[in-house]
Amino acid sequence: MLGIALLIWSVTPVYNMLLIALDPEEGEVEFSGNLWPPEPSLDSFRVVLTQDARYLEHFWRQLGNSLYIGLTTMFLTVLIASLASFAVGRMRLGQGWLRTGAAVLSNASLLTYAIPASFLVFPFHRIMHDYGLSNNPWAVIAAQVTFASPLAILILLEYARLIPIELDDAARVDGASSVEVYRRVYLPLTTPALAVVATYALVLVWNDYLYQFALLSSERHMTAAVMQAQLFDDADPPWNAMMAAAIIYSLPPVAIFLVLRRTMTAALTNWWR
Amino acid sequence: MSGAQQVLAAGPSVSVSGPGQPPGHRRLHGSDRILAIAFVAPYAAIFVAFAVYPIGYALWMGSTPSLYADLIHDPRYLRSVVNTLLFVGIGVNVKMFLALLLSGFFMRPRWWIKTLLVVYVVPWTLPAVQACISFHWMLSGEEGLVDRLLSVLFGVDGPIWFNHRSLALGANIVAYVWKWMPFWTVIFLAGRMAIPQDVSDAAAVDGASGSRRFVHVTLPLLANLYLVCTLLSTIWTMGEFTTVYFVSGGAPVWATDVLATLGFHYAFDVANPALGVAAAMSMLPVLVPVVIVLMRRLQTRTVQL
Numbered sequence: 234m235l236g237i238a239l240l241i242w243s244v245t246p247v248y249n250m251l252l253i254a255l256d257p258e259e260g261e262v263e264f265s266g267n268l269w270p271p272e273p274s275l276d277s278f279r280v281v282l283t284q285d286a287r288y289l290e291h292f293w294r295q296l297g298n299s300l301y302i303g304l305t306t307m308f309l310t311v312l313i314a315s316l317a318s319f320a321v322g323r324m325r326l327g328q329g330w331l332r333t334g335a336a337v338l339s340n341a342s343l344l345t346y347a348i349p350a351s352f353l354v355f356p357f358h359r360i361m362h363d364y365g366l367s368n369n370p371w372a373v374i375a376a377q378v379t380f381a382s383p384l385a386i387l388i389l390l391e392y393a394r395l396i397p398i399e400l401d402d403a404a405r406v407d408g409a410s411s412v413e414v415y416r417r418v419y420l421p422l423t424t425p426a427l428a429v430v431a432t433y434a435l436v437l438v439w440n441d442y443l444y445q446f447a448l449l450s451s452e453r454h455m456t457a458a459v460m461q462a463q464l465f466d467d468a469d470p471p472w473n474a475m476m477a478a479a480i481i482y483s484l485p486p487v488a489i490f491l492v493l494r495r496t497m498t499a500a501l502t503n504w505w506r
Numbered sequence: 002m003s004g005a006q007q008v009l010a011a012g013p014s015v016s017v018s019g020p021g022q023p024p025g026h027r028r029l030h031g032s033d034r035i036l037a038i039a040f041v042a043p044y045a046a047i048f049v050a051f052a053v054y055p056i057g058y059a060l061w062m063g064s065t066p067s068l069y070a071d072l073i074h075d076p077r078y079l080r081s082v083v084n085t086l087l088f089v090g091i092g093v094n095v096k097m098f099l100a101l102l103l104s105g106f107f108m109r110p111r112w113w114i115k116t117l118l119v120v121y122v123v124p125w126t127l128p129a130v131q132a133c134i135s136f137h138w139m140l141s142g143e144e145g146l147v148d149r150l151l152s153v154l155f156g157v158d159g160p161i162w163f164n165h166r167s168l169a170l171g172a173n174i175v176a177y178v179w180k181w182m183p184f185w186t187v188i189f190l191a192g193r194m195a196i197p198q199d200v201s202d203a204a205a206v207d208g209a210s211g212s213r214r215f216v217h218v219t220l221p222l223l224a225n226l227y228l229v230c231t232l233l234s235t236i237w238t239m240g241e242f243t244t245v246y247f248v249s250g251g252a253p254v255w256a257t258d259v260l261a262t263l264g265f266h267y268a269f270d271v272a273n274p275a276l277g278v279a280a281a282m283s284m285l286p287v288l289v290p291v292v293i294v295l296m297r298r299l300q301t302r303t304v305q306l
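Just so you know, the protein sequences line up as chains A and B, in that order. With the numbering used here applied, the first sequence corresponds to residues 234 to 506, in that order. With the numbering used here applied, the second sequence corresponds to residues 2 to 306, in that order.
Be a bit skeptical, because a hint or two may be false.
To be verified - One side only, chain A facing chain B, incomplete, derived with CB under 7 Å:
1) 241
2) 243
3) 320
Said to hold, decoys possible - Derived Cβ-Cβ restraints for the label pairs, each shown as a range:
4) 211(B) with 341(A): 40 to 48 Å
5) 108(B) with 251(A): 40 to 48 Å
6) 228(B) with 336(A): 20 to 28 Å
7) 207(B) with 494(A): 33 to 41 Å
8) 109(B) with 424(A): 26 to 34 Å
9) 368(A) with 86(B): 52 to 60 Å
10) 450(A) with 69(B): 28 to 36 Å
11) 241(A) with 115(B): 12 to 20 Å
12) 91(B) with 362(A): 51 to 59 Å
13) 253(B) with 235(A): 54 to 62 Å
14) 221(B) with 368(A): 29 to 37 Å
15) 244(A) with 253(B): 23 to 31 Å
16) 450(A) with 99(B): 37 to 45 Å
17) 152(B) with 244(A): 16 to 24 Å
For the record, the hints were derived by calculation from the structure and aren't laboratory data. Glycine residues also receive a C-beta, built at the ideal position from the N, C-alpha and C atoms.
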């Protein structure tokens, strides 16, 4: 019973997307009020593929922009967070200023969350101009990496506690430098946590609208999320095709989640100890 | 290469020192020190450039007292404060409590529950903008899926959801819970899995029933995780923008705006970003204590569990 309720709860909005996308009618009566389209058709997906509707003329470039920002954020977050967590958690920093500095930084990083991201967008808007990054995808990437990294470092530090430090020592005895310990011991053994961090970073970008809207002004850099939001300014947008585009845009994170599911489960079951 | 040689030279002394030595007792020397700095440097750099500087800039932007007088005199501001508190207070607590209960449901080792979990997590992986647009359309007008279902199943004419403040606010909260509950359920599920089975078994042997085991064993062990997650979620939800902007869009006539959407309106429609920042700053008396408690909890929590 609870299972069925949960199923309906989880699936209804997704079903609604499909319902609108599969409804073939063009024009006035998109919400024909049916619970199942009388003549389901994949025509709206064809419209998206051929970019044959208002707003969707540049859909594939916009999706490409989203992917570029998403994948770069994902890669940089994994790289920066794993390097920092390795230095803080695995390199013996002694008792001096270096250790203090690292501890202060990993605590202070949480201050990033003290002011919600949706408010930092206003100063960001001006700061990116000072940095010469206005209307540049790297402005969005920099912002998202900054927001993803504190939690990523926290997750990696926690997960790395499970790996015996003796493994690092053994590698060092065999002549491995710190760089090699990072590459050959730390990265392979933290793979499940890295998968969690990577997915988290991608989902962060994929959920974002505000930064992509505020920091990218030109048509050329517009992302798919911003394009979809234009619906609200229009009295009669091409609903069906827009929903088909929404479904296509939704696929990458769902696919990544399904691929990494097993790896992530391993990380999460080990995480909170 | 001197770094590698030094590590090599220092290596054996570590392996001799054995597992009894606490980590961190051997200091880094020479180029390994530089390497440690180089490893932390990228994060330190982006933290300063894209977190410390913007936060400082925001504080400076919001430091003009007259901004706050403007805010107080704007009736939309006070209503947005109330909406934000309702949205966070109800949304976060309902979401967290249900997630805690559901994580217990998903612990059961049945094949169909495992499959259901995958479906249940889909909302989290769906992009927020698109999911919220879908919610908006489900509820908008008589042709929306929800009103249509109400009339087909129960013969009731559904309300026009976005014409009533409480219904629109409720719709925002439901969409928010729908989107984010799966994420926290998975976190709690991980927390429950980390509880050693023998603890629960021992309680069962002592005759504790399911509900008593939950209250006396599971709950105390998960309490700290629950608190940390609730605090973190509170911080994030205070700035929730996407749900409100796309589900109700502030309808009816700005009655359901929260501070984030109001700030957006100030910054981009009225072109007065400083006022938007001031609206954010007015939340600091609530946010800063939450962040401080969170930081202290994160430091002690490994001791607790």
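| said: Could you work out which of the previously given hints the structure breaks and list their numbers from low to high? | reply: 1, 5, 9, 12, 13 and 14
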